[in-house]
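Novice: Residues per chain, in single letters:
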Amino acid sequence: NAGVTQTPKFQVLKTGQSMTLQCAQDMNHNSMYWYRQDPGMGLRLIYYSASEGTTDKGEVPNGYNVSRLNKREFSLRLESAAPSQTSVYFCASSPGGRLYTFGSGTRLTVV
Amino acid sequence: AQSVTQLDSQVPVFEEAPVELRCNYSSSVSVYLFWYVQYPNQGLQLLLKYLSGSTLVESINGFEAEFNKSQTSFHLRKPSVHISDTAEYFCAVSAPKDMRFGAGTRLTVKP
Chain F
237 NAGVTQTPKF QVLKTGQSMT LQCAQDMNHN SMYWYRQDPG MGLRLIYYSA
287 SEGTTDKGEV PNGYNVSRLN KREFSLRLES AAPSQTSVYF CASSPGGRLY
337 TFGSGTRLTV V
Chain L
5 AQSVTQLDSQ VPVFEEAPVE LRCNYSSSVS VYLFWYVQYP NQGLQLLLKY
55 LSGSTLVESI NGFEAEFNKS QTSFHLRKPS VHISDTAEYF CAVSAPKDMR
105 FGAGTRLTVK P
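Chain order of the listed sequences is F and L. Under our numbering, the first sequence has 278 at position 42, and the numbering climbs by one with no breaks. Under our numbering, the second sequence has 86 at position 82, and the numbering climbs by one with no breaks.
It is worth saying that the hints were derived from the structure and are not from the lab. Do not take every clue at face value.
Restraint ranges, calculated between C-beta atoms of paired labels, are given here [to be verified]:
1) L:Ala-21 with F:Lys-250: 38 to 48 Å
2) L:Lys-73 with F:Val-248: 40 to 50 Å
3) L:Tyr-43 with F:Met-263: 15 to 25 Å
4) F:Met-277 with L:Arg-81: 17 to 27 Å
Glycine is no exception: its CB is placed at the ideal position from the N, C-alpha and C atoms.
Excised from the complex, chain L in its bound form (with noise of 0.2 Å):
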């Protein structure tokens, strides 16, 4: 079965420094994996997915999360954080009838 385990709960950091929010996954089929992201008091949107292709897939806002087959892991990373990009990030994996979340990681970016 899929399943997805972010392995931080809380990540907080400060303006302009580099961010890595981390993501493994468990799957027996191929593997589609995303990164959404939820600002407060809003529904989730798509930050970035990987289908196929190259391993390393980017967004419009910065933020690269790379595909390691070998280490089941799909960890999303900013070489440079804003305070805009404080919210909570979740990563999920493709699974036959639905997408199965991780727990979420809160971004907390501070001044």
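Same shape as in the complex, but just chain F (with noise of 0.2 Å):
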């Protein structure tokens, strides 16, 4: 019973450089989002979809893009990191109600 993996677990990436995080649930969710999780400031909301084919942003959405390639898989992408970016990233799904399962989490260094 996998729920929400993400890919990879561990990130460096150097100031400038992209890289596309990874998420894919096996639970039939209509919603996904990706949030990110900074010490003192609690999860804060990248992107969602509600549902296959749409996508919106959330509070903090700049310098990331997102792609809902289908009902399973919500990827993330930065486009050029930066160092404000480092931070521990997760995925989680939701059948379109309340009820969020999480993914472990992406740490993401950017130096």
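Two chains, two frames, some hints: make the complex.
Specialist: Have a look at this one:
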């Protein structure tokens, strides 16, 4: 029972490099989310997808893009990484209501 | 707009002592409230939730929270903590399109 799977678990990037964080869920959930977690700030929403084919900005979308590839997969792309994007990134999914399932996170360091 | 304030960033407590983690919320619509727990280097796990009905909700590992509409609070309590309860705890409120999280409370249980 995998739930929400995120890859990679750890990544170090140089400033200006690009990368894509992958997220997949096997629960047939409609909605998927990307959050970032920073010390003392809790989780902040970057982007979300209410259903396949739709994406919307959250609280902190600048510097990121997303793709809802299909119902299972929702990727987050950093086109030109900056040190301010050093964070732990969490993907979550829900059936369209209020019960979220979270992945185990990607710890990203930008140097 | 929905928001959550966790009143304590860190709570140290001795094993077998009672603990209360405080959470206040603001919302202009019907409220759905949650507590999540995050163990080191892991994702968030749902601890308990209030959706409707009884204002006192319980988890399987002895935590409980009470929804208090007049005080706009959803404090988390446990009468006797264990070393294994050491973790970060997040209070969250459901918003129209996503979930809003507090900044987190780090509970440290000392022997």
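Novice: Each of the hints needs a verdict: does it hold here or not?
Specialist: Here's how the hints hold up against the structure:
Taking 38 to 48 Å as the suggested C-beta distance range, the pair L:Ala-21 and F:Lys-250 conforms, at roughly 47 Å. Between L:Lys-73 and F:Val-248, the C-beta spacing of about 47 Å keeps the proposed range 40 to 50 Å intact. For the hinted restraint 15 to 25 Å between L:Tyr-43 and F:Met-263, the CB-CB distance of approximately 22 Å keeps it satisfied. A hinted range of 17 to 27 Å for the beta carbons of F:Met-277 and L:Arg-81 is consistent with their spacing of about 25 Å.
Comparing the model with each earlier hint shows no violations; every hint is respected.
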